[in-house]
Amino acid sequence: MSSHQPVTIIMIEDDEGHARLIEKNIRRAGVNNPVRHFVEGTAAVEFLFNSPEGPTHNGPALVLLDLNLPDMSGTDILIRMKEENSPLRRTPVVVLTTTDDKMEIERCYDLGANVYITKPVEYESFAQAIRQLGLFISVIQVPEPEIEA
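Sequential numbering from 1 applies to the sequence shown in full-length UniProt numbering.
The reader is advised that the hints may include incorrect statements.
Derived EDC-like pairs: lysine to aspartate or glutamate, alpha-carbon spacing no greater than 16 Å straight-line [to be verified]:
no., residue 1, residue 2
1, Lys82, Glu124
2, Lys119, Glu23
3, Lys119, Glu146
4, Lys82, Glu144
5, Lys119, Glu16
6, Lys82, Glu146
7, Lys119, Glu53
8, Lys119, Glu104
9, Lys24, Glu124
10, Lys119, Asp14
11, Lys119, Asp101
What follows is a list of derived Cβ distance ranges for each label pair [unchecked claim]:
no., residue 1, residue 2, range
12, Ala43, Gly17, 31 to 41 Å
13, Tyr123, His57, 31 to 41 Å
14, Arg28, Asn85, 37 to 47 Å
15, Glu106, Met72, 12 to 22 Å
16, Glu104, Gln5, 27 to 37 Å
17, Pro52, Asp101, 29 to 39 Å
18, Gly30, Asn58, 21 to 31 Å
19, Ser73, Glu16, 18 to 28 Å
20, Val121, Arg27, 29 to 39 Å
These are computed hints drawn from the structure, not numbers from a lab.
Don't be surprised by glycine CBs; every beta carbon is placed ideally from N, CA and C.
Please model the complete structure; the sequences and the hints are all you need to start from.
In structure tokens form, the structure reads like this:
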């Protein structure tokens with residue numbers, strides 16, 4: 001495996017407007033990494049763990065995870081990714097959701113989320129938060145997934 005593969009940003013977000021806003025503002029922050037967008041958790045989990053192009057088989061990723069998905073909870077995806085024997089347990093997960101409930105925030109960190117961002121309701125605040133996230137993405141180090149022997 002190449003030692004410096006670009007980190008794929010996997011965005012799991014069912015709101016198309018939010019998804020466009022997130023990608024546009026990540027790009028505005030100068031982040032040119034490939035972005036794969038999923039509107040359903042089931043398809044995202046399939047990609048994460050089983051797709052030949054997915055991070056389990058094809059290099060590092062960063063996951064932007066909405067908790068409120070139509071088909072499954074984002075929390076369930078987080079649990080699967082961070083399980084002890086998961087090849088993706090070190091993959092950074094940024095929870096990006098409208099929920100600002102203290103218990104939910106604590107639970108996500110307990111489950112292994114790396115960052116928890118509450119989506120501001122107001123457009124410009126949201127855009128600004130995502131640009132700052134883009135700057136964060138441009139500087140963090142992301143480990144390769146563990147490949148099973």
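Do the hints match the structure? See the list:
1. Lys82 to Glu124: The given pair, whose Cα atoms are some 32 Å apart, is violated under the 16 Å limit.
2. Lys119 to Glu23: At roughly 14 Å apart (the allowed maximum being 16 Å), Glu23 and Lys119 satisfy the hint.
3. Lys119 to Glu146: With Cα atoms ~31 Å apart, Lys119 and Glu146 exceed 16 Å; violated.
4. Lys82 to Glu144: holds, 14 Å
5. Lys119 to Glu16: holds, 14 Å
6. Lys82 to Glu146: At roughly 12 Å apart (the allowed maximum being 16 Å), Glu146 and Lys82 satisfy the hint.
7. Lys119 to Glu53: violated, 29 Å
8. Lys119 to Glu104: Holds, at roughly 14 Å.
9. Lys24 to Glu124: With a Cα-Cα distance of about 13 Å, the restraint between Lys24 and Glu124 holds, given a limit of 16 Å.
10. Lys119 to Asp14: Holds, at about 14 Å.
11. Lys119 to Asp101: Holds, at about 12 Å.
12. Ala43 to Gly17: 31 to 41 Å: Given range 31 to 41 Å: violated, Cβ gap about 19 Å.
13. Tyr123 to His57: 31 to 41 Å: With a Cβ separation near 37 Å, Tyr123 and His57 satisfy 31 to 41 Å, so the hint holds.
14. Arg28 to Asn85: 37 to 47 Å: Taking Cβ atoms as reference, Arg28 and Asn85 lie about 38 Å apart, which means the hint holds.
15. Glu106 to Met72: 12 to 22 Å: Since Glu106 and Met72 have Cβ atoms about 21 Å apart, the given range 12 to 22 Å holds.
16. Glu104 to Gln5: 27 to 37 Å: With Cβ atoms ~33 Å apart, the hint holds.
17. Pro52 to Asp101: 29 to 39 Å: With Cβ atoms ~37 Å apart, the hint holds.
18. Gly30 to Asn58: 21 to 31 Å: holds, 24 Å
19. Ser73 to Glu16: 18 to 28 Å: With a Cβ separation near 20 Å, Ser73 and Glu16 satisfy 18 to 28 Å, so the hint holds.
20. Val121 to Arg27: 29 to 39 Å: violated, 22 Å
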